[in-house]
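Asker: Letter by letter, the chains look like this.
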Amino acid sequence: MRFLLDAEQRALADSLDSMLTAADTPSVIREWSRGEHARGRALWSRIAETGVFALAVPEAYEGLGPRPVELAVAFMELGRHAVPGPLVETVTAAALLAGLPDPGPAKRLLPALAAGEAMATLAWTAPYALDGEAATTRLALTPRGLYLSPGHGPVRPSLDPARSLTPLDPGGELLSPDPPTAQALAYARLATAAQALGVGLALLDRTVTYVRQRTQFGAPVGSFQAVKHRLADAKIALEFARPLVLGAALTMTPADVAAAKVTACEAAYATARTALQLHGAIGYTAEYDLSLWLTKARALRNAWGSPDVCRADVLSGDRRW
Amino acid sequence: MDLTHSPADEEFRAEARAWLRAHVPPDPLPSLETAEGFAAHRMWEAELAADRWSVVNWPTAYGGRDATLVRWLLFEEEYWAAGAPGRVNQNGVSLLAPTLFEYGTREQRARVLPPMATGEVIWAQAWSEPEAGSDLASLRSRAVSTDGGWLLSGQKTWSSRAAFADRAFGLFRTAPDLPKPHQGLTYLMFDLRAPGVTVRPLARLDGKPAFAELFLDEVFVPDEDVIGEPGQGWRIAMSTAGNERGLMLRSPGRFLASADRLLNLWHTQGSPESARAGVADALIGARAYQLFTYAAASRFLDGESIGPESSLNKVFWSEYDIALHETALDLLAAEGEPADTDWSERYVFSLAGPLYAGTNEIQRDIIAERLLGLPKGRR
Numbered sequence: 001m002r003f004l005l006d007a008e009q010r011a012l013a014d015s016l017d018s019m020l021t022a023a024d025t026p027s028v029i030r031e032w033s034r035g036e037h038a039r040g041r042a043l044w045s046r047i048a049e050t051g052v053f054a055l056a057v058p059e060a061y062e063g064l065g066p067r068p069v070e071l072a073v074a075f076m077e078l079g080r081h082a083v084p085g086p087l088v089e090t091v092t093a094a095a096l097l098a099g100l101p102d103p104g105p106a107k108r109l110l111p112a113l114a115a116g117e118a119m120a121t122l123a124w125t126a127p128y129a130l131d132g133e134a135a136t137t138r139l140a141l142t143p144r145g146l147y148l149s150p151g152h153g154p155v156r157p158s159l160d161p162a163r164s165l166t167p168l169d170p171g172g173e174l175l176s177p178d179p180p181t182a183q184a185l186a187y188a189r190l191a192t193a194a195q196a197l198g199v200g201l202a203l204l205d206r207t208v209t210y211v212r213q214r215t216q217f218g219a220p221v222g223s224f225q226a227v228k229h230r231l232a233d234a235k236i237a238l239e240f241a242r243p244l245v246l247g248a249a250l251t252m253t254p255a256d257v258a259a260a261k262v263t264a265c266e267a268a269y270a271t272a273r274t275a276l277q278l279h280g281a282i283g284y285t286a287e288y289d290l291s292l293w294l295t296k297a298r299a300l301r302n303a304w305g306s307p308d309v310c311r312a313d314v315l316s317g318d319r320r321w
Numbered sequence: 001m002d003l004t005h006s007p008a009d010e011e012f013r014a015e016a017r018a019w020l021r022a023h024v025p026p027d028p029l030p031s032l033e034t035a036e037g038f039a040a041h042r043m044w045e046a047e048l049a050a051d052r053w054s055v056v057n058w059p060t061a062y063g064g065r066d067a068t069l070v071r072w073l074l075f076e077e078e079y080w081a082a083g084a085p086g087r088v089n090q091n092g093v094s095l096l097a098p099t100l101f102e103y104g105t106r107e108q109r110a111r112v113l114p115p116m117a118t119g120e121v122i123w124a125q126a127w128s129e130p131e132a133g134s135d136l137a138s139l140r141s142r143a144v145s146t147d148g149g150w151l152l153s154g155q156k157t158w159s160s161r162a163a164f165a166d167r168a169f170g171l172f173r174t175a176p177d178l179p180k181p182h183q184g185l186t187y188l189m190f191d192l193r194a195p196g197v198t199v200r201p202l203a204r205l206d207g208k209p210a211f212a213e214l215f216l217d218e219v220f221v222p223d224e225d226v227i228g229e230p231g232q233g234w235r236i237a238m239s240t241a242g243n244e245r246g247l248m249l250r251s252p253g254r255f256l257a258s259a260d261r262l263l264n265l266w267h268t269q270g271s272p273e274s275a276r277a278g279v280a281d282a283l284i285g286a287r288a289y290q291l292f293t294y295a296a297a298s299r300f301l302d303g304e305s306i307g308p309e310s311s312l313n314k315v316f317w318s319e320y321d322i323a324l325h326e327t328a329l330d331l332l333a334a335e336g337e338p339a340d341t342d343w344s345e346r347y348v349f350s351l352a353g354p355l356y357a358g359t360n361e362i363q364r365d366i367i368a369e370r371l372l373g374l375p376k377g378r379r
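Respectively, the protein sequence lines represent chains P and G.
Just so you know, we're using the numbering used here here: the first sequence kicks off at 1 and counts up by one.
Just so you know, we're using the numbering used here here: the second sequence kicks off at 1 and counts up by one.
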């Protein structure tokens, strides 16, 4: 038993963190929100160079995976920097394609996903797909099977301006009449949980920095106990979500993954509420960068399984703890 | 990253499981907050100790098995899963013993630890005073130097287990009038039946005498019952408070077992929709606490200390424990009211969690100031 990240895993996190810091990610997010995808695609390629998208792709299809622990580590950093785009969806699509009984579609589509040359989205648990207008590989999972969708419908805005929601066009190429889905759903939830945890950690960091600087009544507001205790509660929630996310990455059992998903997403959302409250009115503005994380925390909470759905999966009986 | 245990550790777990299966009493013992229950729990400690299961992580010389932290965690998982009784000597084992291992003399360890391991001597804590609760360093009880030892005078309160315990440990002021309140304090052990000690049991919410007030009037304590140097008591008490609060005050095994009991209760009651979230959260919280502890234990094995992170842990388990028992009582509906059930006993016990071992408000201050780096302010 040694439940700690190793040096290589920590190095992966550090290198993503430095790269995303240097890339001025907030301005990339704002352009992506306006439908300008050029810098977002460039950032996507840089992320792919670190191997992130290859982590969900088996070696047989030119990937490095499956390596769910490294994937969780990477998604925490992607969340910490609020990176836009169908990140979870690309990983989920990779897991779904890799698990098809017929290796044909995987051979054809996975190498480009692993290399970051393609961007995938999929419509499955929701009636729309994330960023369907930006994605290059659109998958639709329907009761009749898994289709490579020919296009997308009109864009609906999301509560998170960096996310756009698009229905996928029906029809297209049938990739598999009866694809196995359990593993892909586990990847979707794990990646979302890790991303949400990163969002929560970033919100906490930014809020701690803010309350140390902001002065009222002649003192930093961070010296007031009411403020401290809200931040302490956010810290507790996030620090107990973290081992669930990493533990789920190790076991990949549906119960562990569902537990990580609900806990990380609720912790991130609770932290978002605290962050908004402690920033006051400035936090309620779209202009202030905090909004990039605040709105994402809400969106991720219900993506790929609402809290209620995840709790039901925890209770469903395959627990091994 | 690895959550699997070594074959040798799994063998240790299997040995513990087999012993517990053969020895755990089939029916719950009477409440350990009663005279009858206290005696029954003391006998259970002797039974554990006879086969060296009472303090597995201690050195064999003092009655333990030299078990690693990981094996202690595995033992605890098996212990609580087996439905074994509560530990009447928890104060001694989780607070005093680590202090003796770190600051005690060889003579003190040889004299104090073996009878603690067998339950022959049960320990109470004597920290709080009527005017010193969260602000413990402001305590006023005095120890005055005398020939061959010290004379203790003053009043201690909320002294857990003191109604029936044999001995107690705590902090006393040996050098008054120093500039700061935490200076001049000394860590002492004393006999609860020594001349000059009056124990007045206090009834907790359900009327059981779970703690007591101690009135001390020139109680003689020999020099050999001072732990560490006189005047160093605050540092000694706080260092073990940090370490032990972090990992050993409440083991994950306890909550994994409680969550399983709650799940069974939920199924017995027909799996009502109303309690679904509460039951799921109990299962998830136990898993989170287990994995959090495994991560902390892994860092500990790497030579890192636990420090202020133990405050995260304390707030988490104490609030978790109450929520779990509230869900159980709600599930029981009208049957949740009678006080003579295991669930109500555990519920009342859980309510004290956010109060002792440093209130949760003090813990949140520590988290904010020492983990998040926020400025100190008024308490």
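Each hint should be verified, as a subset may be incorrect.
Taking lysine to any residue and the SDA-like style, the derived pairs with C-alpha atoms no more than 20 Å apart in a straight line are [what the hints assert, rightly or not]:
1) K208/G x S298/G
2) K376/G x Q225/P
3) K376/G x Q216/P
4) K376/G x Q269/G
5) K376/G x E8/P
6) K376/G x T209/P
No lab work stands behind these hints: they were computed from the structure.
Asker: Of the numbered hints stated previously, which ones are contradicted by the structure, given in increasing order?
Answerer: Failing hints, ascending: 1, 4, 5.
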